[in-house]
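Assemble the complex: chain B is given as a structure, and chains U and H must be docked to it using the hints.
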Amino acid sequence: MSIVVKNLQFTYSANSPYETRALKDVNLTINEGDFLGIVGHTGSGKSTFIQHLNGLIRVQEGEIEVFDIKLTNAKKPKPDLRKLRSHVGMVFQYPEYQLFEETVYKDVAFGPKNLGLSQEEINDRVKEAIELVGLDYEKYKDRAPFELSGGQKRRVAIAGIIAMKPKVLILDEPTAGLDPSGKEQILSLIKNLKEKCSPTIIVISHDIDEITRFANRLVVFNDGKVAFDEPMKELFKHQQELVEMGLDIPLAIKIANELKAKGIKLGENIVTMSDLLREIVIAYNKKNGTNIDVSKIRKSVFNFDFSNSNQEEVFKDE
Amino acid sequence: MNNFSFGQYYPTNSLVHRLDPRTKLIFTFVYMIIVFLIKSYMGYLFTAVLLASIIFTSKVPFRVVIRSIRAVLFLLFFTLIINLLFYNEGKTVFEWNFIHITMGGIDYSIKMLFRLTLLVMGASMLTFTTTSTELTDALEALLKPLTYIKVPVHDLAIIMSIALRFIPTLMEETQKIMNAQKARGANLDTGSFFERIKAMLPILIPLFVSAFRRADELADALDARCYNATDKRTKMKKLKFGLTDYLSFVGTIVFAVLVCLDAYMAGGAYIDGLIFSVIMGA
Amino acid sequence: MSAIELKNVSFSYVLSETEIVRAVRNVSLEIEEGSFVAIVGHNGSGKSTLAKLLNGLLIPDKGTVKVFGIDTKEKSTIYEVRKNVGMVFQNPDNQMVASIIEDDIAFGPENLGVKREEIVERVDWALSQVGMLEHKKGTPFKLSGGQKQRLAIAGIIAMKPKVLVLDESTAMLDPQGRAEVMRVAHELNKKEGMTVICITHYMEEALEADRLIVMSDGKVVLDNIPKLVFAQSKELLDYKLTVPLATQAAIELENLGISVGKDVMNKEELVERLCPLL
Chain B
1 MSIVVKNLQF TYSANSPYET RALKDVNLTI NEGDFLGIVG HTGSGKSTFI QHLNGLIRVQ
61 EGEIEVFDIK LTNAKKPKPD LRKLRSHVGM VFQYPEYQLF EETVYKDVAF GPKNLGLSQE
121 EINDRVKEAI ELVGLDYEKY KDRAPFELSG GQKRRVAIAG IIAMKPKVLI LDEPTAGLDP
181 SGKEQILSLI KNLKEKCSPT IIVISHDIDE ITRFANRLVV FNDGKVAFDE PMKELFKHQQ
241 ELVEMGLDIP LAIKIANELK AKGIKLGENI VTMSDLLREI VIAYNKKNGT NIDVSKIRKS
301 VFNFDFSNSN QEEVFKDE
Chain U
1001 MNNFSFGQYY PTNSLVHRLD PRTKLIFTFV YMIIVFLIKS YMGYLFTAVL LASIIFTSKV
1061 PFRVVIRSIR AVLFLLFFTL IINLLFYNEG KTVFEWNFIH ITMGGIDYSI KMLFRLTLLV
1121 MGASMLTFTT TSTELTDALE ALLKPLTYIK VPVHDLAIIM SIALRFIPTL MEETQKIMNA
1181 QKARGANLDT GSFFERIKAM LPILIPLFVS AFRRADELAD ALDARCYNAT DKRTKMKKLK
1241 FGLTDYLSFV GTIVFAVLVC LDAYMAGGAY IDGLIFSVIM GA
Chain H
2001 MSAIELKNVS FSYVLSETEI VRAVRNVSLE IEEGSFVAIV GHNGSGKSTL AKLLNGLLIP
2061 DKGTVKVFGI DTKEKSTIYE VRKNVGMVFQ NPDNQMVASI IEDDIAFGPE NLGVKREEIV
2121 ERVDWALSQV GMLEHKKGTP FKLSGGQKQR LAIAGIIAMK PKVLVLDEST AMLDPQGRAE
2181 VMRVAHELNK KEGMTVICIT HYMEEALEAD RLIVMSDGKV VLDNIPKLVF AQSKELLDYK
2241 LTVPLATQAA IELENLGISV GKDVMNKEEL VERLCPLL
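Chains as they are written, first to last, in the numbering used here: chain B, 1 to 318; chain U, 1001 to 1282; chain H, 2001 to 2278.
So here's chain B without its partners, still in its complex pose:
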């Protein structure tokens, strides 16, 4: 278990006309290896929640345990925030707006430096982080971040977090504001980070079609509470309730529903577009006596353009 949250409650601007209860009794356990997606509409409490996880918001009521660090509303003992933040890395929305140093190297080194690491260690980490986000170290280390393109800046900003080698990486709307190819680059980057850097990843996203492509567990926030917490494939058994909360469901499910409504028999467990295509192929084979191989369906149909290319190719335009 990486993170355990118990009975967490939080109120903004208590006792003023602007008082809002952002979190109402949140309980959640995040395990090592989770690829967790958090969904919920704006104001559902998800941002307030994640900011608790690395101590940016102080616990008002309830308890959080992040690895061996306990966070409560007690003044003492003071939690080791530096250690906490090295465990839990947080990439905020539009992280490129936080860049401030003159060079890419210095900016990425900011985090590791704050951790008090040796110069040698900092060097290694910066180099590793810059390469992990798909930028050529030698070519970019001395460039000014402000000269880079939007997508590159965002990757430098992400490098600044992963250079701290967090065990849990939280990303808030990592693809916001990017064009389609920029989105694909960031998504494949996140998958790559899961393998090579942070074993536990939490992503907040509004795009349900996007989040179902990688998450293996989905948590739904609604009105300050955890409304659902399910393995990715199970969540959409509650599709009726999700729609009532004003949340979107994956397009593949919508299509499957309509096909089923027209009397077409499809298997269960359709969530992603490749699930849907698999079931369609099976149904098609059955009806037409054909023998189309389901394994030929590409894993992520969404990015049929980028899925076949490797990391370098994805970034080659830069």
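You may find that some hints are simply not true.
[What the hints assert, rightly or not] Simulated crosslink set (DMTMM-like; lysine to aspartate or glutamate; CA at most 25 Å straight-line):
no.	chain 1	residue 1	chain 2	residue 2
1	B	Lys262	H	Glu2254
2	H	Lys2066	U	Asp1223
3	H	Lys2234	B	Glu210
4	H	Lys2075	U	Asp1216
5	B	Lys191	B	Glu210
6	B	Lys287	H	Asp2263
7	B	Lys254	H	Asp2263
If you're looking for bench data, these hints aren't it; they were derived computationally from the structure.
Same frame as chain B, but now just chains U and H:
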């Protein structure tokens, strides 16, 4: 915005809120001058009662107004210490090395403390009860005569309006940037004065970059909405004085006269001494 | 009648003596009055620059932009141009000038010298068009992104423009907010006959337009009804764009030998094509 902050509009539907903003602006102006003129405890007491009754009428909770002092607490404390140390008149009550505290110093420091507190609370009452748009409109209306000597009053008013409008936005932005840098292990809370200033750079640079980006977009947005299209700009809201405004004017004058009388007549000296000794006793 | 006419328009940003970015290159376009046009293109394709050329925020280096026959180069009539072509930008926070909603909506008409009684009417009209009338006396600070952006639209349409340009106005919004803004834009187009030009990253939004213009490297590379543009998925990929999700699924099915046609645009069409096959 995490917390309710100094200078933010506090919506209640009170008599004070409904006053013409020009009235409130003029009153605040007179009030500030007068607070500087007050010489006696009697005068402070009187002004405090007046302020309290305004706060009561405005339906803004007292603790919210009190909280506005918190923003300047450091300043208050600082002036208190400085005055205690460097104002040396009257009987000495305490002496140690270079520290030399006198009765006059104590008297003066307490008065200064009252003065600043009344100033801050009075000024924040203006912003609690008046929206920034009203404030801008009032300022523009009151400065209107200056347009005859080619002062760009309207532009100044727009600048002020936009500045006020962006305070919460930039505060929110600052909070976001601080959080992001804290997440990268930035230490903003401890260290010496210079260390802290240096630690602010990761906040200030992105904040400035963002402010310029916003300014850029805002400039386009102003153009797109035909700012400066014509000299014959119209106004949706016309400011209008009502009965309460006229009554407030009378009240303001009475208040001013009373305080001036108090300041320039020795009559209150006895009561004043009494109040001072009560304070010292406390 | 065409609302906006661009003839051989070019625009470059001069960054330094040696660095010049040719953002828009020799573009000629006509935007029909009353139409709903979407413009897509990768980051840096020149689409936002193009938007700013439409209401004279930028003046072309070469060529002419005419708005209802008025050349945007003419300084004396520039406000006539801007009054007719209202523009909403990306970040709703950066477009609001006043702290009270009705005051903000009134800003444009006030600048134009509209009579007081009419401003009051226009503010109510504009706010009800975007479904925000009940927030009239409130402040924008606690509103959602979608609500704020609808206010930005209200602030523009209070000037009664004939053309509404949305310059990536949905980019910072959540799906709900995006849907709200697009619904308002379509309603203005249908009910009020307003010409809408919508610049976006979202292919699903582009789908709903009457006409889709694709930009790449400062040039118009595709310009047709959305269905026919999205049928050219290979070209779109070259321009670093993608096609709507349903179209992607259809293409994959085609590749596997299940012929649903590559011109499927949305889930309804996909379902319709699949039904007889399954």
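Here is how each hint holds up against the structure:
no.	hint	verdict
1	B:Lys262 / H:Glu2254	holds (22 Å)
2	H:Lys2066 / U:Asp1223	holds (18 Å)
3	H:Lys2234 / B:Glu210	holds (22 Å)
4	H:Lys2075 / U:Asp1216	holds (21 Å)
5	B:Lys191 / B:Glu210	holds (12 Å)
6	B:Lys287 / H:Asp2263	holds (24 Å)
7	B:Lys254 / H:Asp2263	holds (19 Å)
Figure legend: structure checked against the earlier numbered hints; every hint is met.
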